[in-house]
Every structure is written in structure tokens, then in C-alpha cells.
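Colleague: As they're listed, the protein sequences go chains A and B.
Convert by adding 1407 to the 1-based position in the first sequence; the result is the number in this note's numbering.
Convert by adding 11 to the 1-based position in the second sequence; the result is the number in this note's numbering.
One should not assume that every hint holds.
Label pairs and their calculated CB-CB ranges [unchecked claim]:
| hint | chain 1 | residue 1 | chain 2 | residue 2 | range |
| --- | --- | --- | --- | --- | --- |
| 1 | A | V1842 | B | K241 | 48 to 54 angstroms |
| 2 | B | P142 | A | L1861 | 35 to 41 angstroms |
| 3 | B | K109 | A | Q1876 | 36 to 42 angstroms |
| 4 | B | S204 | A | E1717 | 30 to 36 angstroms |
| 5 | B | K241 | A | Q1876 | 19 to 25 angstroms |
| 6 | A | D1425 | B | S43 | 26 to 32 angstroms |
| 7 | A | W1856 | B | Q176 | 44 to 50 angstroms |
| 8 | A | E1580 | B | S204 | 51 to 57 angstroms |
| 9 | A | N1574 | B | K168 | 39 to 45 angstroms |
With a straight-line Cα cutoff of 25 angstroms, these simulated SDA-like cross-link-like pairs (lysine to any residue) come out [what the hints assert, rightly or not]:
| hint | chain 1 | residue 1 | chain 2 | residue 2 |
| --- | --- | --- | --- | --- |
| 10 | B | K100 | A | E1585 |
| 11 | A | K1609 | A | E1585 |
| 12 | A | K1828 | B | A112 |
| 13 | B | K100 | A | D1715 |
| 14 | A | K1787 | B | V134 |
Note that these hints are calculated values from the structure, not bench results.
Since the model is a prediction, treat every value here as computed from it, not as a measurement.
Note that the Cβ used here is the ideal one computed from N, Cα and C, for glycine as well.
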Amino acid sequence: MSEVPVQHTQWNALDFPDAAKVLLEDSQTRKNVQHATNVIQGKRNKVVAELPDWEDLREAGARVKAHTLRHLDYYLTKFEENCVRAGGHVHWASDAAEANRIILGLLRRHEAREVIKIKTMTSEEIGLNATLEANGIRPIETDLAELIIQLGKDRPSHFVVPALHKNRQQVREIFQREMHLPELGDKPEDLATAARTYLREKYLRIKVAISGGNFLLADTGGMCIVESEGNGRMCLTLPDVLISIVGIEKVIPSFRDLDIFLQTLPRSATGERMNPYNSTWTGVHPGDGPKEFHVVLLDNGRSPILADKEARQTLQCIRCAACLNVCPVYHQTGGHAYESVYAGPIGAILTPQLHSMEEGRSLPYASSLCGACYEVCPVKINIPEVLIHLRGKVVREDQATLAGKFSLWNIGMQAAAFLFKDAGRLSMAEHMGLVGQKALVSKNGFIEWMPGMLSGWTQTRDLKAMPAQSFRDWWAKEKAPHAKSADDGGVR
Amino acid sequence: MRISLFITCYNDALFPETGKAVVRVLEKLGHSIEFRTEQTCCGQMHWNTGYLREAVPIIRHFVKVYQDAEMVVVPSSSCVAMMRDHYVKAAEMDGDAKLVADIEALLPRVYEFSEFLVRKLGVEDVGAAYPHKVTYHASCHSMRSLHLGDIPIRLLKNVRGLDLQPIQNMQECCGFGGTFSIKNADVSSAMLSDKVRNVLNTGAEICTAVDNSCLMHLYGSLHRQRTFVKTVHLAEILASGYAEAQG
């Protein structure tokens, strides 16, 4: 095969604080994001509360995923054997370029000029659409939100509800322009009808579909996709050829394990008890469904995550996005600030790892470590713990460079660490601080401006000046003498 | 009971009144209090910012100072959360099995202040009086790491004259997050302004919490906006209303 030009989507152009600053100024987006996440979060809390065994389900899901990851080679090989036995084809892609080449090769063999797609984050991750377009093949997203994003030439900002940053009027404008429907109304049924009419023709005409996958079932060699609109069911059953691209971490041991995830995933993702469409299929069957079925198993940076004991749990993720909906940082910025296919808390740990920390180094810091993400995660990924682990990596890498070693952050943190090793030094620093702060304290007793890297604080906040007497000074003066006279002996 | 205080670094330097209040409440309940002047910091700032190696000697210092304490009380849920969630991991990372064992032996004796009152001493009414309209900010670590639940609320409900006002979105972070408030100052400020709006909507004169770190953040904005709402640590409210000179 001749060399295929592979296009990469542009992410990580800006660090999180800079990208966030831009988005914070977009009040419409912030309003849309806050409204949408509040609605989903409310529904999620209600349906989770209905299950008396929710904590057990979380634990069970976490165990199944952790177990599979520990024996990933075994379960993937088993999946491959069973998938091939059922008439499927399995391809292994070590990175984005290889995955793109495999898919493009299959499409060329079938002389496809267009493909229908059911939402797949992995195709987003490898920049598949850009690659296809550059090679003269038109990808058509069939998930309503993805369609809105595609027609609006936008980027997804959430991986369950990719267009949640758009409101109904904005969607209507996109449809009017791109579907040539100047008279289109803005009622939900108007918009749904327009999308349905637009897509129905594509389902019936286009012969190749590309999908993602929620689960790979090792014991049957089958796959499972859950969705809400039925567009997935159309893509999975109507075309002659189905190509599914799936991250290697999506395998689970058996069909029976779906029992857990078909309860936890929809509740966490959309606040539904069950998804309206739950499709599982195995291989090919004469006269029923696609005649040809391919699975591309994508590594693309997942193996190194697997090898990192502290961060391995990242791969337990089932992409429910509950952590996005509950995250106070995500609430303020939406997904675009993460400059990544994967937004929110899970994106903050997944992106830097998939990109070997070269990109997205600011993402592990895009969290106040409030812990809300861990609390809702249906597979118990301790995201704050992984964030801290990744921050540790960023710091270690920084300290290995001269610029990093002499950065204000490093110098400041080293100095603080030096003080905290000894109370005498700390006490002396406190006294020096009292002298040092004099230049900054306003007449009202507050610090309203600070220099350098501390200036971020005083943009919107005042800081109470240090009081003249610290606790330890007060104790030494007021309590310690009495304690001694009482022959207490406790004060050292 | 003989209680050792861990006043934490920022309480020591910035909020000494909180430490004094802890002393008053515990002494009033009849306990003998000691302050080990060698104490410094729990290591949270370094650990959470990714300076993991630098945090280990600070952790080791804490363990050394309090190893033989009968009981350690800390007026900060986030520092206790640091100890419970990360100390063992830090010691393991350092490959120090002795430190791991020492931490595991010490931690069951370390309590956050309100947790100590209710869970250890079984005291929900300390006899305080505080005739003010108050709202309670549940800090993230108090909720999600220490699982304090309604412990601080129960203590506040037993304070004479205190009018407790519920706050909307209690479970959402105020946006402090230590160095997060500096590294991501804009997002942190946006989170803060949501939280401050909720505080102001309660109509309370005072916002309280079990963490001065969150309160410092909230007050930073309340003061900048020239509101009249003040922030006061829970210990200071519980130490109010019994007017005797305690040093």
C-alpha cells in the first residue's frame, strides 16, 4: 500500500489556564454548560439513589476492569480468537497512524467515497475524519450531537453529550445553514425531524459504517454498544461493511459482566435506568447485518499506562462522563479548555498519558482536587490520586532541566520544604514574613496586591495580613509558663 | 485525656485565633492540652503540587513529633485528609517500611477537631452561645475524605442563639485547592464567585467551616466585594459565649 497522508487534529495549542481564560469570557457557553450538566447531574443522582446496591456495583465494576487490565494480553487474545471464529477480522494498531492506515486501506478496498459513523471517541483520538477527508472520503456523523459538531465545524466539548455547549437556537442556525432549511423552526421536534430526514437517506445509501465500542466481550468475541438515538443500531445493521475501532482497554471477560455495566453506565452517563438501544453482536451471519465485520484494536499510548502501577486505573474508564458533569472546574469552562479529545477530570489524567506527557502538561493541574469525580466514578477511578501522581511526573521532568530547576515555583517550593523540616526555621520565617509583608499591607489590614506568580490570587481576592502574634508565640507567652509551673512536663 | 494539638502551618501563622479557640473548647471539656512546638506542616502543599519527594521529610517530621502522642487534634480537615489519604503512599514511595508502620500506628489517634468532639468524645453540645445568623460551608475534604457528614451541623445546632442558614450547592468546591488558586487563578476565581453568591444568598452574617483554607479563600472575595459577611472557623464559634479569661 502506498504511504497514506495521516492528518492530526489540532489539540493542545494552549495550556489549560490560557484556554480556560478564553472560555471563561464566553458567558453563553458557560451558561449552556452549567445548565446541561446540572440537568444530567440531577437525573443521575435520582436514578443512582434508586439502587440500594450502588456501592457494590461500583466495586464489582472496578474489580472486573482491574482484573481484565492485569490479564489484558490473555483477554485480548481470547477476544481475537472468538471474533475470528465468528467470522470477524481483527486488526492491531499500535498508534494513530497505523489505525488510520488500516481503516483507509479497508475503505479503499471497498471503493468507499462516504462512510456513516456512530460516535466513536477513538476515531476522534486518532484524527480519523481529517485523514478520511484528506483522502477524498466523506465521513458523516450520525449521532445528533456529533452531527451538530460536524456541521458547525466545532469540536466536541463532552464525550457523552458532545454538543452540550450549544443551545437550541445555535443548533437551529447550524441546521438552517448546512442543511439548506431557511424555514426551520426551533422546537426540539423540528430539529429532530430535520436531522432524521438528513440522516435517513445516508443510512439507506452508504454501504460502510465506522463505529466505536463500549465493550469487547472476550468469551464470545462479540461487541456491545449502548446509545440513545437508534442511529447506532442503524449503522450497526444496515451497511454491508462495519469497521469498529476500539481501545484495547475496552475488553471485559464475558457477556455476563455486562450485567454490571449496563446498570452503572447509563445511570452515570445520562441519568437513565437503561439506554434506549443496547446492541450486542458477534461476527457475521448470512442474511443478517453486515457481510463483513472488522475490529481495529487500538493501543495508541495505552500500554505505557498499563505499565504504570500508580496510573493504571485510568484505563478502567468506561467513558460515562459522570466526572465531567460533577466537576466544578468543568462547570466553569466546558470541555474546550482541556484542548483534548477527552475533557474533564478523566481527560486531565488520560490526555497527558496518551501523549506521553509531552502535551497536556498543564492538565494534571486543572483540578482543585475536590474529589467529586472519584465519588461519582462508577468504576472507582481515584482521579485525584492519579492527578497527584502525574503532577509528580511533571515536577520531576521540570527539575531535570536547568530552567525548571531555577523556576520560581521550584525555588519557592524548595525553600518552603526547607522551612517545614524545622520549627525554628519556620518560626523565624514567620517573623520575617511579618516584616516583609509591611510593604504590601493596605491601611485596612489587607493585602490587595501581590507580585509575580502570587498576583493571580489578588486579581479577585484580598488576603488578610499575618497577625502580629502567631499561635506558637501566643502559646510560648501565655500557656507554656503556666504549664511549666504546674509541672506539666508536656510542653517540650 | 491528654491531647496534643497540631495547629497546622497556616493556622499558626495566619489564623492563631482558631488554635486558641481549640484550646479553650478542649480545656473547658476538662482535657489537658499540649502544644509541641517542634510541629511545622503536614506536607499537603508539596504533595498536592507534585513535589512528592520534598513532602516526605515533612511527613517524617510530623510522625517524629507526634509518634508518642495519646491523641492528636487538628483544626483542619484537609490536613487530616492529607495524612489519611497520602501518608502511607508517600512512605511506600520512599521505600521506608519503618515509616509506613509508624504512620499506621499513629493515624488512628489523629482526629479533625469536630470529628474528635463528636466521634471520640461523644460531645455535641459544648455549651457555646453565638447569637448570629450563620451558614456552613462543607469543605471538600471534610465531606469526601473524612466523611464528616452532618457532624459540624450538629455542633452548630447546639450553639445558643445561632441561626443556621442552609446554603445551595453545599457539595461544590469553593475553588481554593491550595496552589490551584494561583496556577489556575481565573478558573478558581470563577468557582469562588459562584460559591460567594450562594453564601450571600443565605443572608448569613457569618460563614463557617472546619477549614481556614476555604474560609481564607471565601473571605478574600467577600472582603474584596466590600460585603459585611465574615468568615469564622467552627472552633471559634464553639469557643464563644463562655466569657472567662483563658490566657
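Colleague: When the structure is checked against the list of hints, which entries are broken? Sort them ascending.
Modeller: 1, 6, 7, 8, 10, 14
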